[in-house]
Structures are given as structure tokens and as C-alpha cells.
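Colleague: Here is how the chains run, residue by residue.
Number of protein chains: 2
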Amino acid sequence: MKAEIISIGTELLLGEITDTNAPFLAAELPALGIDLHWISQVGDNQARLVKVLKRAWQRSDLILTTGGLGPTADDITREAIAEVLEERLKGDPALERELREFFARLAREMPLTNLKQATIIPAAQAIPNPSGTAPGWWVERDERIIVAMPGPPGEMQPMWHEAVLPRLRHRTGGTIIVSKTLKTFGLAEARVAEMVAPQLSSANPTLGVYAKADGIHLRLTAKAQSQEEAEAMIAQVEARLNQVLGKHIWGAGDDTLEAVVGRWLLERKLSLAVMESYTGGLLAATVSGCPEAAPYFKGGLVTGSDEARVACGVDYRLIAEHGGEGAEIAPAMAEAARSRLGAAVGVGITGVDEPGTVAAKTFGTYHIGVVTGRQRRLVTGSYPGDRARVRRWAVAAALFELSKVLAD
Amino acid sequence: MKAEIISIGTELLLGEITDTNAPFLAAELPALGIDLHWISQVGDNQARLVKVLKRAWQRSDLILTTGGLGPTADDITREAIAEVLEERLKGDPALERELREFFARLAREMPLTNLKQATIIPAAQAIPNPSGTAPGWWVERDERIIVAMPGPPGEMQPMWHEAVLPRLRHRTGGTIIVSKTLKTFGLAEARVAEMVAPQLSSANPTLGVYAKADGIHLRLTAKAQSQEEAEAMIAQVEARLNQVLGKHIWGAGDDTLEAVVGRWLLERKLSLAVMESYTGGLLAATVSGCPEAAPYFKGGLVTGSDEARVACGVDYRLIAEHGGEGAEIAPAMAEAARSRLGAAVGVGITGVDEPGTVAAKTFGTYHIGVVTGRQRRLVTGSYPGDRARVRRWAVAAALFELSKVLAD
Numbered sequence: 001m002k003a004e005i006i007s008i009g010t011e012l013l014l015g016e017i018t019d020t021n022a023p024f025l026a027a028e029l030p031a032l033g034i035d036l037h038w039i040s041q042v043g044d045n046q047a048r049l050v051k052v053l054k055r056a057w058q059r060s061d062l063i064l065t066t067g068g069l070g071p072t073a074d075d076i077t078r079e080a081i082a083e084v085l086e087e088r089l090k091g092d093p094a095l096e097r098e099l100r101e102f103f104a105r106l107a108r109e110m111p112l113t114n115l116k117q118a119t120i121i122p123a124a125q126a127i128p129n130p131s132g133t134a135p136g137w138w139v140e141r142d143e144r145i146i147v148a149m150p151g152p153p154g155e156m157q158p159m160w161h162e163a164v165l166p167r168l169r170h171r172t173g174g175t176i177i178v179s180k181t182l183k184t185f186g187l188a189e190a191r192v193a194e195m196v197a198p199q200l201s202s203a204n205p206t207l208g209v210y211a212k213a214d215g216i217h218l219r220l221t222a223k224a225q226s227q228e229e230a231e232a233m234i235a236q237v238e239a240r241l242n243q244v245l246g247k248h249i250w251g252a253g254d255d256t257l258e259a260v261v262g263r264w265l266l267e268r269k270l271s272l273a274v275m276e277s278y279t280g281g282l283l284a285a286t287v288s289g290c291p292e293a294a295p296y297f298k299g300g301l302v303t304g305s306d307e308a309r310v311a312c313g314v315d316y317r318l319i320a321e322h323g324g325e326g327a328e329i330a331p332a333m334a335e336a337a338r339s340r341l342g343a344a345v346g347v348g349i350t351g352v353d354e355p356g357t358v359a360a361k362t363f364g365t366y367h368i369g370v371v372t373g374r375q376r377r378l379v380t381g382s383y384p385g386d387r388a389r390v391r392r393w394a395v396a397a398a399l400f401e402l403s404k405v406l407a408d
Numbered sequence: 409m410k411a412e413i414i415s416i417g418t419e420l421l422l423g424e425i426t427d428t429n430a431p432f433l434a435a436e437l438p439a440l441g442i443d444l445h446w447i448s449q450v451g452d453n454q455a456r457l458v459k460v461l462k463r464a465w466q467r468s469d470l471i472l473t474t475g476g477l478g479p480t481a482d483d484i485t486r487e488a489i490a491e492v493l494e495e496r497l498k499g500d501p502a503l504e505r506e507l508r509e510f511f512a513r514l515a516r517e518m519p520l521t522n523l524k525q526a527t528i529i530p531a532a533q534a535i536p537n538p539s540g541t542a543p544g545w546w547v548e549r550d551e552r553i554i555v556a557m558p559g560p561p562g563e564m565q566p567m568w569h570e571a572v573l574p575r576l577r578h579r580t581g582g583t584i585i586v587s588k589t590l591k592t593f594g595l596a597e598a599r600v601a602e603m604v605a606p607q608l609s610s611a612n613p614t615l616g617v618y619a620k621a622d623g624i625h626l627r628l629t630a631k632a633q634s635q636e637e638a639e640a641m642i643a644q645v646e647a648r649l650n651q652v653l654g655k656h657i658w659g660a661g662d663d664t665l666e667a668v669v670g671r672w673l674l675e676r677k678l679s680l681a682v683m684e685s686y687t688g689g690l691l692a693a694t695v696s697g698c699p700e701a702a703p704y705f706k707g708g709l710v711t712g713s714d715e716a717r718v719a720c721g722v723d724y725r726l727i728a729e730h731g732g733e734g735a736e737i738a739p740a741m742a743e744a745a746r747s748r749l750g751a752a753v754g755v756g757i758t759g760v761d762e763p764g765t766v767a768a769k770t771f772g773t774y775h776i777g778v779v780t781g782r783q784r785r786l787v788t789g790s791y792p793g794d795r796a797r798v799r800r801w802a803v804a805a806a807l808f809e810l811s812k813v814l815a816d
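As they're listed, the protein sequences go chains A and B. At the far end of the first sequence sits residue 408, using my numbering, and the numbering has no gaps. At the far end of the second sequence sits residue 816, using my numbering, and the numbering has no gaps.
Since the hints were made in silico from the structure, they are not lab data. Cβ atoms here follow ideal geometry from the backbone N, Cα and C, with glycine treated the same way. Warning: the hint list may mix true and false statements.
Unchecked claim - Here are the simulated distance ranges between beta carbons: (1) B:Q454 to A:S382: 37 to 45 Å; (2) B:Q454 to A:M1: 18 to 26 Å; (3) B:G654 to A:R141: 56 to 64 Å; (4) B:L595 to A:G173: 50 to 58 Å; (5) A:L187 to B:Q454: 33 to 41 Å; (6) B:E639 to A:A107: 45 to 53 Å; (7) B:E551 to A:L106: 51 to 59 Å; (8) B:A611 to A:E189: 23 to 31 Å; (9) B:Q635 to A:A190: 46 to 54 Å; (10) B:P699 to A:E231: 24 to 32 Å; (11) A:T20 to B:Q635: 29 to 37 Å; (12) A:E194 to B:A512: 22 to 30 Å; (13) B:A601 to A:R141: 36 to 44 Å.
I would like the entire structure built from these sequences, with the hints used as guidance.
Modeller: Written as C-alpha cells, this is what we have:
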């Protein structure tokens, strides 16, 4: 099945918003065995949208559109589809009733312009929109399908998951495609590629290696005649990757480093406190960003100077000896955070992130200390890139180090 | 001039990366008076790219492409343009020399595959790429222009600014378009729209109102025959908006709240310390994210519990009386951060961000305290949305409040 995605909205052509719907849908299609050949963005202009839709109708089996289903005059997706298929738009009493009920639930009066959203053509069936007023359309004729979905991702994605995806899965049948992502830290991309070279050349499952902000990801994709078969194929390669990459693998799928660390802290009934200079609060913000962090995250101390480090409990003699940005300071910061905030585990980050204060070659060097009642670890690293990137990387490195300590 | 953007790369069609080049370029074109009619994404497939380019060559005056200029076999932009224009690709000795020099500077051997990047067609001129090995192409024939640029934004954007934009500006001449964005905080979008209603209906300059993560932005766009004339038109409306919106305007253009606050702290030779619960370190991370923050940012204290608040200097009797998430605690936290870290200005944030701990209707309420030697302010607010959004909003609210205190 050959597919095409059309994203509709003048704001896309003015560069005011970035089209995230097309990449979202594009990432969903391989698992359905659907080949995506074309993506385009078009403004709220009926003549141009009709041109794009006509061409798509000629060359693609499945056309996914997002946007242009709102209630105002510049929402022209319904009109354009009707024009391409030469069908008449008619008000649908059931859709109108649902629309009126939606507004009644909000205790708001329905503007008359919204009635436009209750119109439909004979070839189309409405797709319910639980999150908004714009129903989607499933249009089917001449062995072609158009699925028209609303533009806001908060409406489009639930509609996709609840109504469109199951229907397409039923339609494509046959081949099942299953993917799984493994996440690693602490190895360079080229090194990972080298270590998994035999798997990289496999045709099924395929393996892709990607550099991300939290390390190197490996994506396995298997094609088979059943879900079980595909999963078994993935499990087999995954076992091999686990042998090869070992402790560098910290998670899979939607895992984040902070969620993995949080889960382990909760399981082990341990609490955490941090002290950070180099990352300026980003480690605390990342850890506390987990909705479940309250029970284990005691807090953080962000120290911008030696005075602040001393005020937060680091021994001034140690700073006098090594400098506030020296490697030895990181475990001392971890220890101070731990005792000051009464936590079982402490993490400290320091380092030189100021250009100009040191020779260029040490710019970006960070030191991470992880201290528990029984362990005391120090790692030093560096990362190329701008300040924001280096800070994010140091946070990932600290969380990875913490995960290793918790695993022990 | 009618323009079209084509983004090239199979990873775009697999949803592995989001196309940020098209929105970047789209946002640049209005100021040149160039109308963008089409955007599309196509994979690394020469037959399909040729189809897209042929159609673009028929309907558009200016075609901007990104991607497909690399050294490997799947980089096919050069080949596709040559096919569409029916011209022959030939090695260019000057380009080859530059390429060899690029590798020599890196002290690396040049792989032979890179020679592909030194080929060109008669209708094209090479555009230098200071950041990578792929030169761009400026192709001009039959009153049409194709500009082919590399895909990595770090290479594309410098090439655009340094070589492509000046050349296009020279070409479009005539009408000048100037835009300016004003940034406000503390007013709802509908309220801003109401207050600037007379300006909203103006045809030149036009005014757009946009809700963003740091408040409501107003974008003014003026068309005129000269830069001076356009700027004068903007200045006139801006003066009126300043009267209407007053202290709600905190910045313009590329300003961020943290940079504005940082500038004012530096000017007034004041230092800052923060204590935060609700935002879990995000305020410290945002403030310290400014590269110039070291001189004024003393540090932050992230307190996840009442024990941590007390350990960081908040009076336990106050917490016993009001609860750690009560409004009265925010100025006390600001005061404690100030004295603990020895700063002139303190900011405290607390509030209830745990669903389930309180009645649903108070979820998301935050309290912000700003304390200096002479002032003590408290504001309370709330914001709808998920946890990450609410936290970002509270950080913006705190920085805005701080900016008002500094302005006094």
C-alpha cells in the first residue's frame, strides 16, 4: 500500500509552526507495512489543496491529511475533498447532534459557524473526535482511502490511535512489523556500530543505530506473519545485543534515564539529593520532572560559586586545595547534598563550562560524583557542542552513572 | 516571486527526524516579499525527486532544496537536478581543491567518495559551505532559480545567511518587509486581542497575536519601499502598543525572559539566588542557561519536602502554621535563598503540583515570592495543562515578576 501525507495550514507555509503531524504519522506507518512515498504541506487555499489532492488520488492508495477541519471559512479540507471526488457536501443530523452535545457539556452556546463541521459527503464516514469539535473523515472509493484528521496534535493523535490505526491494521493484515528500541550510554556511535556489525547487516530483523541526546539508540525491526513470530525474532537478536553491549544498555522503548533511575530508587526505597554547578539546576529539574519523583527526590543545591559550595556544606579546605571545579569536588558535593538534605544517595556535578576561564581544550570537561552509604564513585567526561547540549549530556551521564550504582 | 521548498531525505519519510529546515526557510521568505506556495518532503529516490523537481520547475520561480548533497550513493540531489535540466555533471578542479583543503585542515584523508561533492553542471555555481564538505548550488536558467543547500541545519543556516539570503535580497529588491515581535506576560490572549483591536484590523503594518510558552507575542509586519519607511511605520504602531499594554511588555525580538532579567541584574550590579519546590530546579536551570549568568547567579536550592525547606533555612514555625505549599512560604523561601547564598535578590516558588494531594481545582496553583533589601512581593497564579507546561509557565511568571521588581 502506497501512502501520502498532506499537512494543511497557512501557518506551516509561514514557518510559524513546525509540522510535527507528518513525522508522527510517518513513524507509525512502517509497522503497518505501509510505504510512505510523499509528504507535503499546503496552505489554506482550496485551489492549491485540490491540486495536491488530485495528484495524490492518482498516485497513492492511502492519503492521510491533517488540518483544515475547523469551523472557520479558511478551513477548507472538507470542501476540497468534495471537489476532488465531485460529491456534494450535506448536513448530517447525527453529526450535528453530537456537536451540539459537545458544546452543551462545556455549557457553552454553539456558534453557527460550527455547523460546517457537521457536513459530509456520501463516500465519507465520520470519525469521532473525543477531544474537539472537528470529526475526522474516512473516505473510501475506487480502491483508494482518504483519512482526514484535525490539525492539533492533541486531537489528531487520539483519533489516530483509537479509530484510524485499528482500521488500517485490519485492512493491511498479513505482514506484521514489530519494532523495539534499546538505549545505551557510554559508547560512541561508531564503537556501537562496530560491536553490533553482524546484526547491522541482517535483513530481518533490521538494526539501526542512532545518536540521541541520552546516548546511542538501537532500533530493531522485524517483519513476520504473526506478532508472536516477530517478537521472537526480536527477542533473539536482543539477547545477543545484551551480551555484546552489557551494562551499557540502560533502557528500552519509551524509557527515560530519569524514569529508570526513579523506578530503581522507589524499588530500593532510597532517596536522592543532588548538588550541581556545571548543569546549573538541570539535573534537579530533570529528576523532579518525573511525576512520581516526590517520594524519593529530597532536593537539589545549585552552586554558582565557591562561596555557595561552602554555604551548602562543601569543606572549604578541599576547595582551597583543588579549586571548586576540580574532580575531587564532585564526590564532596554529592556527600554534602546527601547529608544536608538527608538523602541515602547523593550526586554532585562540577566542571568548567565557562569559555575563557581555562584553555580551550578543557572547555566542557565535567566531573560526576555518586555517593551512597557504601560507595563513592567519580567519573570525568567531556562532550563537544554548544552549552545547552553539553549540559544535557552531563545530566544524562550523571543519571547513567547513578543507574549503574543502583544496579550494583 | 513564487517559491517552493523541497526537503530531501528518507529519514523524513520514516518519521525518524522532523523537518525543521522547511519551517526555518518558510519564516525567512516573507521578509523578502517572496510568496511560498508549496513545501514537500521526498526520500532519497532519484526517480521521485526528479518528478517533484520537474513539477516545481513548471510552477515555481524559486526552488529551495535541502539535503541529498552528501558524499554517499544515496545523496542524489545533484544527479536529480542535472536530470531535470538535462545537463551533464562534471568534476570541478577548484571545488576539488577546496574539498582537499577542508580535509587537510582536519588532518584527515579524504575518502574518494567525497569527489562526488566536487561535481557541478554548467547552469550551477557552487555556494561555499564553511561548516561542511557539501558545497551548495545556485542554479539559474529560463528565469528560474534552484538553490540546493545541505540538510544539516548547522550547515544550511550559515549558508543561507551568508550567501543565499543576500543574493535573494538583491534579486527581489523593491518592496522591503520588516517584522518586529513584542513579548508580553500576564494577560490572556483574548484580552490582548481586545486591547489591540484597532491595530489588529490594520492592513499595513499587520499585527498578529500568538500564545507562546513565555506569554503572548505580538508580531508587527510592515511593507514599504525602503527599510527606513518600514521601520518608521513599525515604530509608530509600537509606540501605541506600548501605551496600551504598558508594563506587560517585557521584551522584543529574540529576547528571553532570563536574558532580560540577567541584563538588568548585571546593569544594577545585583546578584540572585532562588529556592524552588513547584518547579524542581527548572528556574535555576533556566537562569543558569544564560552563558553570562556566572557573575550574578549565586545558586539555587531545590526543596522537595518540608524537611528540605527547613534544612535550607525556612523557619519551621512558618511551615507548621501555613504548610510548605502555602502562599506565605514563597517569600520566606526567597528570603532564605537570599541569606543562605548571600545574594541581593531572592526568588521563591512553591505550590501544589501533585495531583491527588489536594482537591482537583487547586491543582497547578503556584506562589512566587520576590524579595530584595527593600521589597517583598508575592504573586499567586495557576495555569492549565500538563505538568511540564505548568512548570515552564511558573518559571516564566517568576522571571516576569522579578523583571518588574528590577524595573522599579
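Colleague: Of the hints given before, which are not true for this structure?
Modeller: 8, 10
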